[in-house]
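2 protein chains.
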Amino acid sequence: MDLTRYPKTGRFMAGRVRHAMRTREKDLLEDMIEKTELYTSPTAILKRGQMVNQSTMLIDGFIARSITRGGKRHIVGIHVPGDFVDLHGFALKRLDHDIVTVGHTLVGFCPHERIVEVMKTEPHLTRLLWFATLIDAAVHREWILKLEQLNADGRLAHLMAELWHRLNFVGMAEPQSCAMPLTQVELSDACGTTAIHMNRTIRSMREAGVIDFARGRVMIPDMARLEALAHFDTSYLYGDGDLFIGHALDLK
Amino acid sequence: MDLTRYPKTGRFMAGRVRHAMRTREKDLLEDMIEKTELYTSPTAILKRGQMVNQSTMLIDGFIARSITRGGKRHIVGIHVPGDFVDLHGFALKRLDHDIVTVGHTLVGFCPHERIVEVMKTEPHLTRLLWFATLIDAAVHREWILKLEQLNADGRLAHLMAELWHRLNFVGMAEPQSCAMPLTQVELSDACGTTAIHMNRTIRSMREAGVIDFARGRVMIPDMARLEALAHFDTSYLYGDGDLFIGHALDLK
DNA sequence: GTTCGACTTTAACAAATGTCTATCTTCGTG
DNA sequence: CACGAAGATAGACATTTGTTAAAGTCGAAC
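Line by line, the protein sequences are chains A and B.
Under our numbering, the first residue of the first sequence carries the number 1, and numbering increases by one thereafter.
Under our numbering, the first residue of the second sequence carries the number 1, and numbering increases by one thereafter.
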């Protein structure tokens with residue numbers, strides 16, 4: 001990974017609520033990061049049930065939230081740079097899932113004492129952090145919908161469309177492609193199918209010209225077609241300006 | 001519905017975070033409710049995309065969060081008495097889903113101005129409200145897991161086990177049964193199956209003696225067996241005392 | 001460059017689930 | 001008490017997905 005791309009590691013921090021932050025708050029947020037760490041192979045940063053005293057900010061790469069049950073691993077969420085991955089670990093005594101890196105991943109760690117400090121002194125920033133967790137919940141709901149509504153094709157299309165848009169929000173997507181270090185097994189874990197069926201699905205979508213994977217990237221020649229397959233509607237991602245933060249609720 | 005059962009409608013309010021509230025905060029919460037309303041038939045209290053200026057507290061009955069797409073309705077969450085159903089509607093300009101009543105339902109409405117007031121003056125209570133939304137997210141993750149991991153039998157078993165436990169938390173479940181006003185169509189919407197397959201599933205589980213529906217209730221003769229079918233683990237519900245609230249984070 | 005392991009690909013068959021059509025039951029309403 | 005609408009039940013068949021077994025590909029480490 002080219003660390004020189006990150007002169008200030010905080011550049012993307014807090015992705016979709018960042019636009020509502022004041023300059024001072026952006027600096028505060030960056031100061032919350034005590035240290036950074038680079039993982040070059042899949043690593044469980046946090047294990048389910050473990051007590052935690054710091055939260056994780058994803059700076060580059062991908063992180064999955066996964067739960068292993070019945071010997072099989074299931075992915076219940078995927079994070080992109082700028083996401084405060086386990087801010088909720090601050091409130092819940094223990095996490096209900098593992099936090100695992102995917103491919104090469106750069107993360108920052110934020111001690112909980114600093115979050116406590118912010119909660120004591122920064123009501124506006126605290127609110128932004130809360131709202132960021134509400135967007136996570138909205139993404140969860142869309143995943144539930146995806147799993148209830150779509151078959152394997154649609155689920156894969158939806159996942160790719162979502163990740164492309166979320167990367168695009170932080171300036172890390174190209175018009176017809178984006179980074180995609182997930183393996184087929186991981187894609188199947190995130191789509192609730194077997195790896196073999198995921199392979200079938202990928203093949204047929206590749207043959208149909210909808211999507212193609214190569215060298216850690218996904219190519220999407222026709223985004224509109226992909227989104228149609230996924231019944232995709234970006235509104236649940238609450239892009240810039242789609243929150244009340246900074247407006248009526250900008251309390252003080 | 002027997003309203004005399006609710007001498008103080010606030011009795012259950014804020015279900016799983018209630019134990020961390022101070023008496024004064026419980027009163028404050030109850031004061032946040034401006035008015036109550038009883039719905040005797042399925043009603044969409046809120047429609048997706050609609051601007052909202054109040055949030056909904058569920059006092060009795062059930063409420064579903066649903067999204068209609070492709071002409072088919074999907075349920076992405078179910079609420080039980082004590083839940084602050086759409087607190088997140090306060091932060092998000094618009095909801096990404098509908099809020100619909102199930103069976104007979106008594107709700108309280110809380111104007112957003114009162115939430116703003118609380119956020120200005122009650123940091124501890126604000127934190128509790130935040131944490132309540134984090135539990136919602138944990139439930140969402142478990143639904144994702146359920147949909148990825150389980151077949152129709154397991155999904156139904158999981159839903160029944162979850163609702164029984166959540167009702168039990170607020171003292172509204174019997175040892176081997178609880179209220180269950182959801183129709184088979186609604187159950188299928190919540191489990192991501194067709195109504196016909198849900199009927200097949202219910203029949204086979206009834207014949208197996210695992211579960212039975214009658215007159216708006218569900219009978220669960222052997223909870224352990226149901227939970228085994230569902231690979232159920234209550235920890236994601238964060239029962240009493242399972243949050244950091246009121247302890248290290250009791251800031252002031 | 002070889003070797004090993006992880007990842008990907010394929011085929012054949014079994015099981016689960018969806019679709020279509022229809023009938024039966026229940027319950028509120030007049 | 002009759003009626004109608006919503007809900008529940010049922011069977012036959014199509015489609016999707018899971019399972020098992022195997023082989024091919026690629027890249028990192030020695």
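Check the hints yourself; a few may be wrong.
One copy or two, either will do: identical chains are not told apart, so a pair holds if it fits within one copy or between any two.
What the hints assert, rightly or not - As a list, the in silico DMTMM-like pairs of lysine to aspartate or glutamate whose alpha-carbon atoms are at most 20 angstroms apart:
# : residue 1 : residue 2
1 : K120      : E25
2 : K26       : D233
3 : K72       : E25
4 : K120      : E207
5 : K47       : E30
6 : K47       : D233
7 : K93       : E207
It is worth saying that the hints were derived from the structure and are not from the lab.
Bear in mind that the values here come from a model prediction, so they are computed numbers and not experimental data.
Each hint tested on the structure:
no.: 1; hint: K120 - E25; verdict: both (14 angstroms within a copy, 18 angstroms between copies)
no.: 2; hint: K26 - D233; verdict: neither (29 angstroms within a copy, 39 angstroms between copies)
no.: 3; hint: K72 - E25; verdict: neither (41 angstroms within a copy, 43 angstroms between copies)
no.: 4; hint: K120 - E207; verdict: neither (56 angstroms within a copy, 57 angstroms between copies)
no.: 5; hint: K47 - E30; verdict: neither (25 angstroms within a copy, 38 angstroms between copies)
no.: 6; hint: K47 - D233; verdict: between (33 angstroms within a copy, 16 angstroms between copies)
no.: 7; hint: K93 - E207; verdict: neither (47 angstroms within a copy, 41 angstroms between copies)
Comparing the model with each earlier hint shows violations of hints 2, 3, 4, 5, 7; every other hint is respected.
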